[in-house]
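**Student:** The whole structure should be built from the sequences, with the hints applied where relevant.
If you're matching them up, the sequences are chains V and R in order. Per numbering that gives the first Met the number 0, residue 0 is the first one in the first sequence, and the count goes up by one each step. Per numbering that gives the first Met the number 0, residue 0 is the first one in the second sequence, and the count goes up by one each step.
For the record, the hints were derived by calculation from the structure and aren't laboratory data. Bear in mind the structure is a predicted one, so any value in this text is a computation, not a measurement. Incorrect hints may appear among the rest.
[Claimed, not checked] Among chain V residues calculated to face chain R with C-beta under 10 angstroms, some are:
1) I108
2) R148
3) A264
4) V269
5) V352
[As the list claims (entries may be wrong)] Among chain R residues calculated to face chain V with C-beta under 8 angstroms, some are:
6) T260
7) L350
8) H440
Heads up, the beta-carbon is just placed ideally off N, CA and C, and yes, glycines get one too.
Number of protein chains: 2
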Amino acid sequence: MTMTASSTAPAETTAGLRLRLARSAQEPDSAVTPDTEFRRWFAAQRQSRRYDVRRIPFAELAGWHFQDGTGNLVHRSGRFFSIEGLHVRTAWNGRETSWTQPIINQPEIGILGIVVKEFGGVLHCLMQAKMEPGNIDTVQLSPTVQATRSNYTGVHGGSAVRHLEYFVPPRRGSRVLFDSLQSEQGSWFLRKRNRNVVVEAFGDVPEHEDFVWLTLGQIYRLMHEDNVLNMDARTVLSQLPSFALGGVALHSKQEVLSRLTEVRARREFVQRSVPLADVRDWRRTGDEIGHRSGQHFSLIAADIRADSREVTRWSQPLLAPAEQGLAAFVVRRIGGVPHLLAHARTEAGVLNVAELAPTVQCQPGHALSLPAADRPRYLDVVLDAPRDRILFGSVQSEEGGRFHRADTRYQLIEVGDEFPVEVPEEFVWVTEEQLGDLLRHGNYVNIEARTLLTALRASGAAGRLR
Amino acid sequence: MTMTASSTAPAETTAGLRLRLARSAQEPDSAVTPDTEFRRWFAAQRQSRRYDVRRIPFAELAGWHFQDGTGNLVHRSGRFFSIEGLHVRTAWNGRETSWTQPIINQPEIGILGIVVKEFGGVLHCLMQAKMEPGNIDTVQLSPTVQATRSNYTGVHGGSAVRHLEYFVPPRRGSRVLFDSLQSEQGSWFLRKRNRNVVVEAFGDVPEHEDFVWLTLGQIYRLMHEDNVLNMDARTVLSQLPSFALGGVALHSKQEVLSRLTEVRARREFVQRSVPLADVRDWRRTGDEIGHRSGQHFSLIAADIRADSREVTRWSQPLLAPAEQGLAAFVVRRIGGVPHLLAHARTEAGVLNVAELAPTVQCQPGHALSLPAADRPRYLDVVLDAPRDRILFGSVQSEEGGRFHRADTRYQLIEVGDEFPVEVPEEFVWVTEEQLGDLLRHGNYVNIEARTLLTALRASGAAGRLR
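**Tutor:** What follows is the structure in structure tokens.
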């Protein structure tokens, strides 16, 4: 098989594409899918498509078992994913910590892809109403395609993935706008990445009752509602740059890269896979693996029945967080230009030592249970923020195919000149444009920060800073 | 500890820096270190500084032992590196292969850094004459600083690393020009990266008998000699862009990224650490671990005595390749612009599925022993190239601190219009400038390709294409 350089699309400058995206972002409604129609359709989807999710003992999982010797929770096909143990040792400025924990190992890269297309001169995104067993409200808006490699190669015995042809060679009738491998939750997944890809389609795209065309303006409005846009939609949307705001950044691009490189090089970080049976401080009962403190997360088993047109009944393990998460960027003007305070954060399963994360990212109940000196830096700034300094706030769900009712409060917190520009070396001020540029490459910006980048654009928050 | 945004250097455009680098590349001699003086100094270094390297049985290694249970070869400190086993399963377009092998695990990131400074308006690089036990000719030219974290934190009990202060905070009197984490040999190292960094110094830099200031022109001439510039020097030098040649690339930057992303996403690739004792087809004797075919590489033990001013005697394991390697880029003009044919290559220990590698990279004796269908693509083009189509050719050593007399024949092979532009999907045509841009980020361009990028600039080869 060969690939050629030719594209069916005319060459376009980055600025031209940004202008078209900006225009779509300014369209609060669509001629193709008027908002009233979307609302009716989405409500009907949520009403008619339900999963019956029932917790079961691990022993009742079909196809899954605890492996002899290691105690790892695996599928008999050797595919999908497994629950294993991980030992982590890390040190920073002389302070060393180590721990073991369960982690999801899914060493395959799936596709999260959005098809965009112009209607009446306005770019629209093809969004899917997708059910996931762990979802709050079951149905959320997802990218056009959301498929693990097992999905689209048919390992799970389901039907073909709709619209996949726009994302795999020979990829006729479309051209790639953005395409990179991006990380997922580093505390819960071992080095997991998915392909985040946006393609523009030129010919007719087949219609289907579970899909709608929405403008960026419509989608951005939905970001302000809780639990509508699923995690995969939010991360793919973060690939779309906003129209450049301009302004001089505090740090050059090279300085930002060097700051992150510095942390990655100097932070000691050693991951070692261990048998799940050897994970300390975690207890396995007949229907749960949990930390003895009750904190962090637990692993449970679920039996799932659906009216879905795919596989209609199955069982699987799910990861259930102990509490709602918190992810917040502190935002302030520096030299008149809005900057986000990013944290070079290391999580157990991270591929590349550290990624740029929100200023604060934690489980707040757990964080507040720690001695003051061990709490996340700037937690108080976020928790104590006056209401009128919260530029954006909503609760969003994490991946409902692996996590059980996992949600996070996402916030953008405005701070003024009283907040020092000088910050500890594991933090760095970046502009929205710089974060967007880093997203052309993988493993620079973590998934929580990517949701907040989408939120920043959705809220026009940068423009509203005092 | 905090870091500030300020830099002692005036802001400089990328074009300005490139011009200064181009000027240095055009200086074949230096007023600071005239070539005759350099030759005298280098010959004296090679004559006076020798290691006595003697192979010993594993049982005589001081501080190293085969760990109970796993059989891993480890140091009693738990530091430095270890020799472990790795199981790899990979599949591409339906063809699956799997194997186990020994691999070096050194989960820490060292610093490979060059200090540059202007003398008389010409940038010079501060190069070090460095001894390594595995080196051909013992002393080779290395970056200003070449230090594992164990080195510079003093784990091996040696003396302080000279000039380290230019590379670690608070990093006074210098500014960072380039800084990224880059991979090393994926077939021999498990996910190994080092920090490749270039800083410009402004004040006086202390002199020392083992260091010299050379222009890029002088260094580039040395690239044509065998075994003078060590691997670490070549990779750090690859970070320095040449003056942009201009011209339109066959593929846009986004297309190149997407091609690599496509390979990374679709290629199945699962690494699993296993005990060295469980590695199949490899035999351990009292003084060697080797493949039963005699191919690939073996692991040996060495006792090393030196006149060095650092630790003067120690023993360690070394990896000894079975034969000289071959790494070659095919180069052709497309639309008048020189392009390199890069291969999205997967090696056992790679961090991120695949990196851009030379067109052909193999052990040629092993490759020719394979059935024709299993040989590396384009091997014949390289091996059969007429002498006048070899734009660059020299033999260079790989890292002498881990490898025993490992060397590689590096070549740039010119091809004409008879060579098809259409190539299999795991290959992609890239310009020198595109490869240089990718080097701002880690794990895009493998170490053999980086040596060849330095060679391309050193030879002015692109300009000599017919």
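**Student:** Out of the numbered hints, which ones does the structure contradict?
**Tutor:** Result: no hint breaks.
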